[in-house]
Structures are given as C-alpha cells and as structure tokens.
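Participant: Each chain, written out:
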Amino acid sequence: MRHLLSAADLSLTDVGSILDLAEEMADVQHRSIKKLPALRGRTVVNLFFEDSTRTRSSFEIAGKWLSADVINISAKGSSVSKGESLRDTVLTVAAMGVDALVIRHAASGAPQQVTGWIDAQVINAGDGMHEHPTQALLDSFTLRKHFGADSGVDAFAGRRIAIVGDITHSRVARSNVILLKKLGATPILVAPPTLLPSGVDSWGCEVSHDLDQVITGVDAVMMLRVQRERMSGGYFPTPREYTVGYGLTRDRVAALKPGTAICHPGPMNRGLEISADAADAANSLILDQVAAGVAVRMSVLYHLLGGEGES
Amino acid sequence: MTELLIKGANLVTGGDDHENALPAGGQDILIKDGRYADPADASAEATVIDADGLTALPGLIDLHTHLREPGREDAETVESGTRAAARGGFAAVLAMANTNPVTDTAEAAAHIRTLGEKAGFAQVFPIGAVSKGLAGEELAELGLMARIGVRMFSDDGNCVSDSRLMRRALEYVRAFDGVIAQHSQDPRLAGRDACCHEGEISGRLGLAGWPSAAEATVIARDAELAKLTNSRLHVCHVSTAESVDVLAWAKKRGIKITAEVTPHHLLLTTAEVQGYDPTYKVNPPLRPDEDVAALRAALADGTIDAVATDHAPHARHDKEHAFADAAFGMLGLETALGVVIETMLNTGALDWDTLVQRTSIAPGRIAGLGSDLGMRPAYGQTAQLTVIDPQRRNPVDAAESFSLSRNNPWHGRELPDPVMITIADGRISYQRQ
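Chains A and B are the protein sequences, given in the same order. According to numbering that gives the first Met the number 0, the first sequence is numbered sequentially starting from 0. According to numbering that gives the first Met the number 0, the second sequence is numbered sequentially starting from 0.
Don't read these hints as lab results, they were simulated from the structure. Take every hint as true, because none was put in to throw you off.
Derived pair list, reagent style SDA-like, types lysine to any residue, alpha-carbon separation capped at 20 Å: (1) Lys117(B) to Gly33(B); (2) Lys31(B) to Gln430(B); (3) Lys81(A) to His316(B); (4) Lys144(A) to Val27(A); (5) Lys117(B) to Leu403(B); (6) Lys144(A) to Pro257(A); (7) Lys256(A) to Asp279(A); (8) Lys6(B) to Pro38(B); (9) Lys131(B) to Arg167(B); (10) Lys255(B) to Glu170(B); (11) Lys81(A) to Arg71(B); (12) Lys256(A) to Ser274(A); (13) Lys75(A) to Asp192(B); (14) Lys226(B) to Glu170(B); (15) Lys81(A) to Ala326(B); (16) Lys75(A) to Glu59(A); (17) Lys180(A) to Val213(A); (18) Lys81(A) to Phe327(B); (19) Lys31(B) to Asn19(B); (20) Lys81(A) to Asp192(B); (21) Lys180(A) to Glu199(B); (22) Lys131(B) to Gly156(B); (23) Lys81(A) to Ala314(B); (24) Lys34(A) to Arg55(A).
Using the sequences provided together with the hints, build the complete structure.
Facilitator: Right under this line is the structure:
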C-alpha cells in the first residue's frame, strides 16, 4: 500500500493488520512515556486546506508518538482563492523533504490528484464529500472492540449497521460503506431522499427513509453531523422536522436493542441529529472513537512509512 | 496574380447545388487570386499541389470558439487560436463573448475581428454578449453590434436564466435576423458547486453534479420563447438525451431552433472523471454512454444541426487545482474533424455529404455569415477549402498543439489526423509539412 486515499485501497488483510496493530498502539496511550521510535527520522506533514481540530490533532499525536517529525501546515481556504494552484502548493511543501503528506481538502479527489505530482506518500484525511478512510478505520476499530475483538474481522459478519443523516455530503459515510461491506457487515443508509446521493442504489446497501423501522434491528447506529448550510439549503424544511424524522432522540435510544452501539464522528449538534441522552448513553462509543483515532492513525502511519527508523 | 492548382482531389460539396457550383467528385480545383476558377484556365505558372487520394471539403466553420483575447492572452490569443483552427481545417470561427472585457459593444467586437484579420489564419466572426458584462440583467448593445455585422449573440459560460430577459433578447434580434445562442443550464438546479454530470459516478466520487434536467428544462423554456417571439434560437453544446428529445419536439412544432454538439460529447463519457483529472472538467459535463449514443443519433438525423468545438484553452495553472476548483473547458479545434470522422463517419452514422452539412453548411447558415462561407464551392467565390487525407491517423500529442494551452483531452489517444491543407479567405493558412 503506497498511499491511503480510499477505504477501497485496503484489502481485508490490510484492514485486519491495521486494526490489530492499532490494538497494540492503543496501549501507548496508557504509558507514562508515550513514545515509540518507529518513525524516527521521518517527516510527516499535515497539510490541511480545511479546518479540522480533531483529525489534525489526532494525526499529529499519532506521528509524534511514533517519533516522526510532524509539521502542521494550514492552507485554509482553497488554493484558488489564494491565487496559487494546488500543484504549486503541494510541490512547495514536498520540496522541503517530506516522507508523508496527510491531506485534508474541501474538494473531493484532491489527495488523489496530489499523488500524481510528488513522490511522498499521501494519506487522505478527508476530501470534500468523497472519503475519510482513517475515520472509517477508527469506526471499525471501535465497533470491533465493542462487538468482541477476539473474533477479529469476523466480528462484523452479519452485523447490521445504520448510517443516518446527510449521506450525500458525507465522506465518513462513503468510507464506512466501503469498509463495513468489506468486513461483512450490512450498512443501512437512512436519510430523507434529498440527502441521498445519485446512484446510491448501486452502492450495495439497504436504503430507508424510516429510522424508527430500522433502529430496532441494528447492531450499531452511526449518526452523521448535519452541516449548518444544509439547514437553509432546502434539503429539509426545518431542524425540528429533521430531528423528528432522523434524530437519535431519547425515544429512539429506548427502542434500540440492548447493546446497540451509538457512534458519531463529531462534532455533534446536540439536540439536532443526536440527543444528549444518546450522546451520553452507556452504549455511546463517541469518546472511544476519538481515542481510537490516535491508535488507528499510528497504525496507518506505521504501515505506510514502514518503520525503517525503528531501533 | 496567384494561382493554386489542386490536382485530383475528391471534392465533397455537401450536396447543396446552386449556380456556378463546382461539381462534386474527383477533379482539379483552381484557385486564382483567392477565388475558384475553371481549372482549364490554369496557367503554366500555377503552383500545383498533388491531391491524388485526398478529399476536399468546403472550409469548416466553428460556431463556438473561445479565443481568450482580450484578457487571458496567456491561455490563447486570436493569433494562436486561429492558427490552431487552421490546423484543424477551419476557415472561420465564431469567437465567444466571454472575454475580459466582455464583447458587449460594437467597438469590442470590431477589435476582435481586426485581430483576426491581422492574424490571417481563419476568419474571425465575433459573437456579441446578450447581456452587459454577461451579468444576465440588461441587454447589451445588440443593435449596434449588428450594425457592424454581428449576427450571433450569447452569454455562453452563463445561461440567460431570466426568462423575461431571454424573451426580450429573442424579440430584439429578430429586427436584423440575429440568433441567440444559449448556454442552456439552469444555474439554480444544481447550485454553484456543480462540476460534473450528476449520476452514479458523481455520487460515488463525492462531486456535485448537474442533473440532465438542468439542461433540458431550459431548452424547453427557450423553445417556447422562440415560438412566442418567432425568433431564432440556437442551443449551444447539447449534451443529454433528454435535450435531444426536447429539440426534436420543438423542431416538429416548427420552432426556429437549431443546435450544436461538441466533438468531446460525441466520444468521451463521464467515466473519464473517475481519476479526478481536471482535463476532463468541462461545462456542460461529459455524460454517460446513453447520452453519447443519443447525441450521435441526433447529429446523424439532423435533430442536432452542427458540430461546434467549444474550444476552451486554459493556462496550466488554471487546471492544476482540485477537480472542483479547476477551470472548465478543453481544447478542441485541432482534433474536431478527427473525432467527428471517428465517431460519425467510421461508424457509418454519417456520409461525407452530411458531414459537410454538419461542419460547414449548417454552421454558416446558423451564424448568418452571408458570405462565401458555409456554401458549396462555386466559381467566382472566395475559396474556403479543407483538404484532408481521410486515412491518416496519429496519436494526439498535446505538446504539438498550436494552441498556447495544453488542456487537451485527447493526448495519447489515436485519432484520425486528416487535415493536410486549409484555405481560408482565398489563402493557404495551413499546410502540413
């Protein structure tokens, strides 16, 4: 695996290997000295064209705990508005001697385009409405643990997982659909028709517009964040109506099977797509997801950069 | 006195017979002082070109070219663009109005025409803007532009989406038999972010797309307005099967509507977008296979009247962005005839006479050129001729383009590469070395 651009780049073996190593990496968090020498002497640049606290911090901590030199570059706003082309921006950064670029960009496909211009390895940290593969990996890591890590990747066989909300604009949903299917789970997409993308019928998922009907029979519910611009974009009439139709309300939490996992990639709109009762429920894995982010990204960096610096 | 004797070319005329017309078929063609003359009158001093095995067509006319001058001379100039046009076999091009400043006055239009005359590679007919600054709010000085010979008006790049303004434009140009060329695309339907066809691929790639309906609905509205005003409407770069259905419906009702299709919409599909290569980002977007098939059929049966390149050169740095941020458009002048031969002639969808109708006769008629262009060659007329070798094929090399830009979607693809000689306004403007 040269780059990680899409969940589709990963074989089932890759996924198993990344998740297994992430289990080991997770232990680092509990050590007093959180440092492994694996990527000593390697340089990782977090090149973020779009704001992100959570993902950028997660990659930064992951790189540092592996002893890589990590540099954060914020290129907020599109390169177009700054007057420089994406290619020039990336070539400038790569010319400084970089081993890996972690790229977040508001435009779909940008990390893939970058691979054609530079030699460094590229990790997609979220591109537009396209994919967010490390988010999907950390979701799977979290769910695998919840379902029973001992069963390995088989933990997903036969599992039904609802992905609820703005599927059209969600990179998290796209990566999760690919990865969960690869692992043997059945994703069920739940959204109003206005928030389902063209061609969703070809994704090999079940699709529903009725959350109440779906949630009683699933093993996990992944809630997606509703972005503010969608609220005035005519995708649904009012936030109130959205919550009634597609929010994980207290009543819906009560309707879940015991042990059904509740996930959310954050940041959450409490009271809109997810109630406080759901976010703080005993079976909510939302903070576990955040913690898993560091371990999974350590594992991804290690897999990509090879660990030659390990002593 | 100059004399050029083209010996043994097979002349395809497009079938439109008229007085003094050169006969179709294998023959010698004499051009004396820029005009067609009887080959029997050739003198011993005539420059002779052996055209045995070659085919001669009335000079091609492109209804839809972006020359970028004034404003973006780093991407294309009138000179470089018309050089590329001549290489592609075009004797004349219609230059779109979305320059900077916009071609929305008679002075601006005259300037572009003068630049074309100076360059001398292909005749340049400016297209005037429909609205001032392409803003879609107030009519540009259509009448003043018409006084210097402009007959075609377009806000191309933008759709004239205000139906009242569109009605007024259609009404107004009827006074001088003008035509409104519409970029048919409802800008509200997909929003500002649209950058490709809306469908399975856009959904999977996470790209915002235009639904086919965004094009067809505007054509349907404009057809009604053309009927209301009894004016001429031309639909630019038709790209969907739904649009073809609307065109057929409108033509059946006797509405004065014509349409063009680009070579790239005849061959490339939305599948090209899967690698996020901005070379394939074009407006209107590449569409699925079924649309391509419908467009070919419509060009064959005349529902679509003409081929037009929508040649849209861009400097490299304007394409080296993320797909959603990159400029729209692709080159087309040098490869247009090759693509049409590949998609329409080599597949048996068109014969040579009909190909001439679609690439020369109809464009001349639609643009209202009213000159020797877009007509069957006739004795006494100024020569506008494209001599081709229909068997010649080559891989396209973007680096060899005469355009200043390199956004060439055909790079590396083997296509017919037929143009040997272009004669524009009576002079050789391109001759293959």
